[in-house]
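Please arrange chain B on chain A, whose structure you already have, making use of the hints.
Number of protein chains: 2
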Amino acid sequence: MISICILGSGNVAQQLVSAFEKADNIQLVQVFSRKQNAISTLSKSVSIIQDYNQLEPVDLIIIVVSDDAIVNVSEQIPFQNKLVVHTSGSVSMESLSDANRKGVFYPLQTLSKTKEINFMEVPLCIEAETNSDLKLLHQVASAISNNVYEIDSNQRKSLHIAAVFVNNFANHLFQIGKEICIKQGVSFEILKPLIFETANKINTLSPKDAQTGPAKRNDTTTINKHLDFLSNPNHKEIYKILTKSIIDNGKL
Amino acid sequence: MISICILGSGNVAQQLVSAFEKADNIQLVQVFSRKQNAISTLSKSVSIIQDYNQLEPVDLIIIVVSDDAIVNVSEQIPFQNKLVVHTSGSVSMESLSDANRKGVFYPLQTLSKTKEINFMEVPLCIEAETNSDLKLLHQVASAISNNVYEIDSNQRKSLHIAAVFVNNFANHLFQIGKEICIKQGVSFEILKPLIFETANKINTLSPKDAQTGPAKRNDTTTINKHLDFLSNPNHKEIYKILTKSIIDNGKL
Numbered sequence: 001m002i003s004i005c006i007l008g009s010g011n012v013a014q015q016l017v018s019a020f021e022k023a024d025n026i027q028l029v030q031v032f033s034r035k036q037n038a039i040s041t042l043s044k045s046v047s048i049i050q051d052y053n054q055l056e057p058v059d060l061i062i063i064v065v066s067d068d069a070i071v072n073v074s075e076q077i078p079f080q081n082k083l084v085v086h087t088s089g090s091v092s093m094e095s096l097s098d099a100n101r102k103g104v105f106y107p108l109q110t111l112s113k114t115k116e117i118n119f120m121e122v123p124l125c126i127e128a129e130t131n132s133d134l135k136l137l138h139q140v141a142s143a144i145s146n147n148v149y150e151i152d153s154n155q156r157k158s159l160h161i162a163a164v165f166v167n168n169f170a171n172h173l174f175q176i177g178k179e180i181c182i183k184q185g186v187s188f189e190i191l192k193p194l195i196f197e198t199a200n201k202i203n204t205l206s207p208k209d210a211q212t213g214p215a216k217r218n219d220t221t222t223i224n225k226h227l228d229f230l231s232n233p234n235h236k237e238i239y240k241i242l243t244k245s246i247i248d249n250g251k252l
Numbered sequence: 001m002i003s004i005c006i007l008g009s010g011n012v013a014q015q016l017v018s019a020f021e022k023a024d025n026i027q028l029v030q031v032f033s034r035k036q037n038a039i040s041t042l043s044k045s046v047s048i049i050q051d052y053n054q055l056e057p058v059d060l061i062i063i064v065v066s067d068d069a070i071v072n073v074s075e076q077i078p079f080q081n082k083l084v085v086h087t088s089g090s091v092s093m094e095s096l097s098d099a100n101r102k103g104v105f106y107p108l109q110t111l112s113k114t115k116e117i118n119f120m121e122v123p124l125c126i127e128a129e130t131n132s133d134l135k136l137l138h139q140v141a142s143a144i145s146n147n148v149y150e151i152d153s154n155q156r157k158s159l160h161i162a163a164v165f166v167n168n169f170a171n172h173l174f175q176i177g178k179e180i181c182i183k184q185g186v187s188f189e190i191l192k193p194l195i196f197e198t199a200n201k202i203n204t205l206s207p208k209d210a211q212t213g214p215a216k217r218n219d220t221t222t223i224n225k226h227l228d229f230l231s232n233p234n235h236k237e238i239y240k241i242l243t244k245s246i247i248d249n250g251k252l
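Residue numbers (our numbering), protein chains in the order written: chain A, 1 to 252; chain B, 1 to 252.
Next up, chain A with everything else stripped away, as it sits in the complex:
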């Protein structure tokens, strides 16, 4: 049995709590949360604490707070030589307080409080300073996910930036698509099957092989018609640079 405390109560903390509560061989002991009722699904065996001095000396302390609060929270932990990890894609492992052993436990997924997710499918990227700590993180990660990867800090930085492109930016393109439809009185519903298929295609084709459209064909007539049509200056610039990038890519 591996004992765990979670420090934090946001979207990611909430999803981790749910996952650990269902897991075998994991005992979630405490959750640190400023708000008493922040974690809705908590069972009675887990206590909510609001003072770092109440922290119990568990096997693993997971800091699940916003990036800029991680260092400060790590310095509040009243122990020495315990394993302390954060869950961020963009904060280095080294920046954690030197008082304790360091590690990273990064779920590469977009986690909302409201949308329940099958955590077993979430890729978990782990990193630690020693092999024995890495082994412990592997045990914990495998208890809640089928996709565990050992990823060093440099690789994690790349992954985080790649995730900004495929998640944050792709989602913004969906929003632009919605805005263009609505402006002409067309329901966004019509676009949804296309969005799902765009994502599903990467199961069977590489994105490069799946590429279609006027930029891929270097069809300047259509490209210019589209640019004339777009009135929002940001949308126009996005159309231009993505078209250029697809064309440049075709030349490689």
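Errors might be hidden in some of the hints.
Note: identical chains are not told apart, hence a pair may lie in one copy or across any two.
[Unchecked claim] Calculated cross-link-like contacts (lysine to aspartate or glutamate; reagent style EDC-like; alpha-carbon spacing at most 16 Å):
id, residue 1, residue 2
1, Lys225, Asp67
2, Lys35, Asp51
3, Lys82, Asp98
4, Lys216, Asp67
5, Lys157, Glu94
These are computed hints drawn from the structure, not numbers from a lab.
Chain B alone, transformed into the frame defined by chain A:
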């Protein structure tokens, strides 16, 4: 029974042929194809023709060729006052030859020859000059799809541009994500669950509510770190303009 000829043998033609061959109350009579074996799934009751003079006077002729060939093909049809439609998102209905009745039959989906698709889920956008032709197109479309929409040429133009953003451009972002991963020796497999979830989220959240990431938080520290990391100038420009657009959107 509605009789149909299809002129063309590319990806979209192939998928339409498969869909019509399975449909009730539709008789696919002929497919015009320069290559005798271009349509792999064709049953024996459908003949392949290579001369427009062999065309039979069916109820509906569907032109499924590249955008710049549509007008020319419509002028080769040796009939008067037949219903002739094209399947393009970006060509106007009016540009078809005046010799016949005009219409549009636009499947809003990314169709590959190699990846079989459930056509019943593909949104079909139809347009015609008269109510009776629209009714006929509705019957034909409903025989192969559960998602039939009456869309005029202006709305279709918007939809086509929106489709470029949510499909062509989103797919290119997936490719950029893959390139960033591979450069650091990280498998693209790690990103796939995130890509699927990014698309699935729009089932339950609007893209605006689903938006997360450094741009949404206006987290300039992380944004600048990411820009420093990106070496490909196109990737850097794409990162900048999409970040700007997300920030501007947050102010609305």
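For each hint, the structure was consulted:
Taking the shortest alpha-carbon separations for Lys225 and Asp67, only the inter-copy value of 13 Å comes in at or below 16 Å, while the best intra-copy value is 43 Å. When the C-alpha separation of Lys35 and Asp51 is checked against a cutoff of 16 Å, the pair qualifies only within one copy, where the shortest distance is 12 Å, while the shortest distance between copies is 76 Å. With identical chains, the CA atoms of Lys82 and Asp98 are at most 16 Å apart within one copy only, with a shortest distance of 11 Å there and 80 Å across copies. When the C-alpha separation of Lys216 and Asp67 is checked against a cutoff of 16 Å, the pair qualifies only between copies, where the shortest distance is 14 Å, while the shortest distance within a copy is 38 Å.
When the C-alpha separation of Lys157 and Glu94 is checked against a cutoff of 16 Å, the pair qualifies only within one copy, where the shortest distance is 13 Å, while the shortest distance between copies is 52 Å.
Every hint from the earlier list agrees with this structure, and none is contradicted.
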